[in-house]
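Student: As given, the protein sequences belong to chains A and B, one line each in that order. For the first sequence, position 109 (counting from the first letter as 1) is numbered 112 according to this note's numbering, and the numbering increases by one without interruption. For the second sequence, position 473 (counting from the first letter as 1) is numbered 499 according to this note's numbering, and the numbering increases by one without interruption.
Take these hints with a grain of salt, some might be off.
Said to hold, decoys possible - Partial pick of chain B residues on the chain A-facing surface, computed with a CB cut under 8 Å: (1) Arg709; (2) Leu712; (3) Ser713; (4) Phe716; (5) Val720; (6) Leu723; (7) Ala724; (8) Leu726; (9) Ala727; (10) Glu730.
If you're looking for bench data, these hints aren't it; they were derived computationally from the structure. Please read all numbers here as calculations on a predicted model, not as lab measurements. For glycine and all other residues, C-beta sits at the position ideal for the given N, C-alpha and C.
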Amino acid sequence: MTFGQLPYDVAHLLGGGMLLLSFVLLYQRRIGAVINALALQGAILALAAAWQGFMQGAPQLYLTALIAFGAKAVLIPFALRALLRRFDLHRNVETALGIGPSLVAGVALVALAILVVLPITAGSKAIAREDLALALSVVLLGMLMMITRRNAILQVVGLMTLENGLILAAVGVAGMPLVVELSTAALVMMLLVVGGVFVFQIRERFDTVDTSFLEIHRGERP
Amino acid sequence: MLRACFPAGPCRSPFAPRRAGGYTAARDSLPPAPVLTALALCLGFLVLLAAAAVPLGRHPRAGLLVHGGCLIAALGFAGIALAALLVGAAPEGLLLPFGPPWAAARIGLDGLSAWFLLLLGLTGAAASLFALGHPPGPPRTLPPFPLFLAGMALTLAATDAFLLLGGFELMSLASWALVAADHEKEENRKAARLYLIFALLAAACLVPAFGLLAGRAGAITFDAMRAAPPEGWRAAAVLVLGLVGAGAKAGLVPLHAWLPLAHPAAPSHVSALMSGAMTKIALYVLARLLLDLCGAAQPSWWGVPLLVAGAFSALLGALRANLEEDAKTLLACSTIENVGLVVLGLGLALAFRGADLGPLAALAAGAALLHALNHGVFKTLLFLVAGAVAHSAGSRRLDRLGGLIHAMPVTAGAALVGAAAAASLPPLSGFASEWLLLQSLLAGWRVGGIGVQVLAAAAAALAAMAAALAAAAMVRLFGLVFLGRPRSPRGAGAREVSAAERAALLLPAGLTVLFGLFPATLLSLAAPALQVLTGPAAQAPARGLWLVAGEAPSGYAPLFIALLLVLALALAWFLVRRRSPATTQRGPVWNCGFIDPPTHLPFGDPLTQPTAGGIAQPLRRMLGQPLLRARESLDMPRPGETRPARYAAGFEDPAGPLLLAPAARLRDRIAVQAEKLRDLTIRRCLSLSFATLVGLLALLAWLESR
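When you get a sec, could you build the whole thing from the sequences and use the hints?
Tutor: Take a look at the structure:
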């Protein structure tokens, strides 16, 4: 299976699409656009999983695709939007590293991922090699997003991108056991993180029970 | 189950046939493998003893059991070492049924390790016997003692770097627990902390040193390392790391700061073992690493760092021994001096071997080996004497003792033997080995290169000075502790120690006399060790009962000297008897013009006797000011003032301000930097791990592209 054959090309296209969306995530300046891109990436991940399930004849991957679509393309983006609306958060992306330098760093990371993965996997099937390189790039870009953004929601988005990359790698390897379980567990973790952010925001905004919070305002403590 | 590797046919060690004098007959009565089996059994016995000491700790007879067991094991070590030296042990070693994950552990004995095992057995036996007679210490001192012995024996029995370092660390940790045994006192805690730091430094240097050798050899066994000697920067790195690592444990200047603190902190039998055996184990590691494993082809300049460090250790240790006022600290400083002398011998052996001067290399190595054994025995004796005195007279401070020769005659006799040997007086053991060492130093001009020649001449001067200073220190020690009158009521009430302790003192004292009278026999016993150090053609520098200085026409016949001394003494005694009146007459003693002591000081006013500081004064002024930053201050009241005059004198070891203080500052600076990591935000923490990941991936990519 190599260039010019349909299964390879489609898998490659979907993986490349995810990588492209990772870059899109990096250069957005509005949080709403970031969430849209994340939903799109989740949808493409679901497509990639379904395509792999069709190609490998592994029906459990359809389940993975379903879960990915339901949670990542629909549920979590809706939740994040609700969070954004309800607490009236800043709609701007606050960066620790500028947009331009982040993109340059992202390109360097993709190059690094290719340099690492391609020689290691020499000899295995081409589709796995390319997929692994793409997945590692997505993972690294997710981590890059986590450390170059100050906003908690954007850090959660980075973590989700990272997890998308892991799932992409898992579905791309034929015969990988426990893919469904892995993706479900990762999903539960993501839901917990998003829930945690909710709780954190609520406590911070309205519902604090810590009286030391008041001392600052009364001038007893700097 | 133990599996022994029997060689095909009757095994004769490669060392066995070569014997000087009357030892030419190789005795094959003992097959070699049982020697190693016995060694393994002794090691296992010690470990079991340590395990048993934990639950039994508070039982009144636990000390009896543990120290009795240690005595048996130590005697076993001495016997095993003798058998290995005379007959040879199986050169293949003995496979133990356990070990590190990659291979079973293999123990073995060659000439060098057997020689040091003999030393360990003798000193361990004396120390254990002393502990048997001594009143029991706190229970927490019991389990580490057998482990300490086992660690040292394991270091010697190792045939690969892993086992050697394991034994070395076991030794360090167990002795640390013993140094920290009396941890209620602040100074003991400080000593234990410093001791641990230096033990860590030793490990941090020795592990990479062996790693460099193993990396080149591709295996960690000694055989593989010997087959692939290091070259270039690797060799230099091994030299530096080995010297620092083993030197830190042996107490070489400038890494000696822990020694004068740790020895007084430990119980007496432990400090005897630390000084007599543990520093020698470190020297064994040094000799094994630099003289054996690095191959015989190393150049002459390899001896230079050892020469310099050894000469300065000898001088500084001997000088400090003259200034210290605590008996055990004084003995610890004397240990620094003697370790320096042994390292001097090893360095000379390296220099001679590099210049292809085989007989002279054997002479220097023989001097080092002999001095290591002799010092181990007489220093054990002296530390045990210090322990007996401290227990019986209630103090270790020289200014609170005195006149103990009347109350403790046996201890005083043993101390006299030990002090005379430490002062290198013939015909005792210290003289024989220092004579050999000075002979080899005087032959130092035969190494080519003006630098080494000048260094050898300077080292000879320093070694001679150190020997003289050591003699002065021993005169001061014996005179202040045993002669004169008691200086405190507690000292006046001293009693002779128990029978077991007396036996423990007489054993090393007898060995000191014996080793002094028959050094040539001992050296021919050490011939296998010499062959390990200086090549298979090495001959012990001994002929019959004479010591000979290589090819030089000088020799030392201890029996003859002893006979002359006995004759001279007998003649003097005879003349005195002959010329003196027939009956002893007793009359009033002139008290040097002092008034009679007051009634509350029945033993006389201590201030009328010389003090430790007073005897040290001339040397402190002469040598202490340039070398030890000695200082004196006098606060004299003006006429009419009623306050007393005050005189204060002291000194500071240069290792403190030059080594320890900068190291402490560096530690503080690093700690401040490391503390900053705790204040990082979550984003910075993530960045750290992300940077690590990217760095590792980049490393992987770089490695693949090569």
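Student: Evaluate each hint against the coordinates.
Tutor: We went through each hint and held it up to the structure:
1. Arg709: holds, 6 Å
2. Leu712: Holds. Min distance 5 Å.
3. Ser713: holds, 5 Å
4. Phe716: holds, 5 Å
5. Val720: Cβ of Val720(B) sits 7 Å from chain A, so the hint holds.
6. Leu723: Cβ of Leu723(B) sits 5 Å from chain A, so the hint holds.
7. Ala724: holds, 6 Å
8. Leu726: With a minimum Cβ separation of about 5 Å from chain A (threshold 8 Å), the hint on Leu726(B) holds.
9. Ala727: Holds. Min distance 4 Å.
10. Glu730: Holds. Min distance 4 Å.
Hint compliance for this structure: every hint is met.
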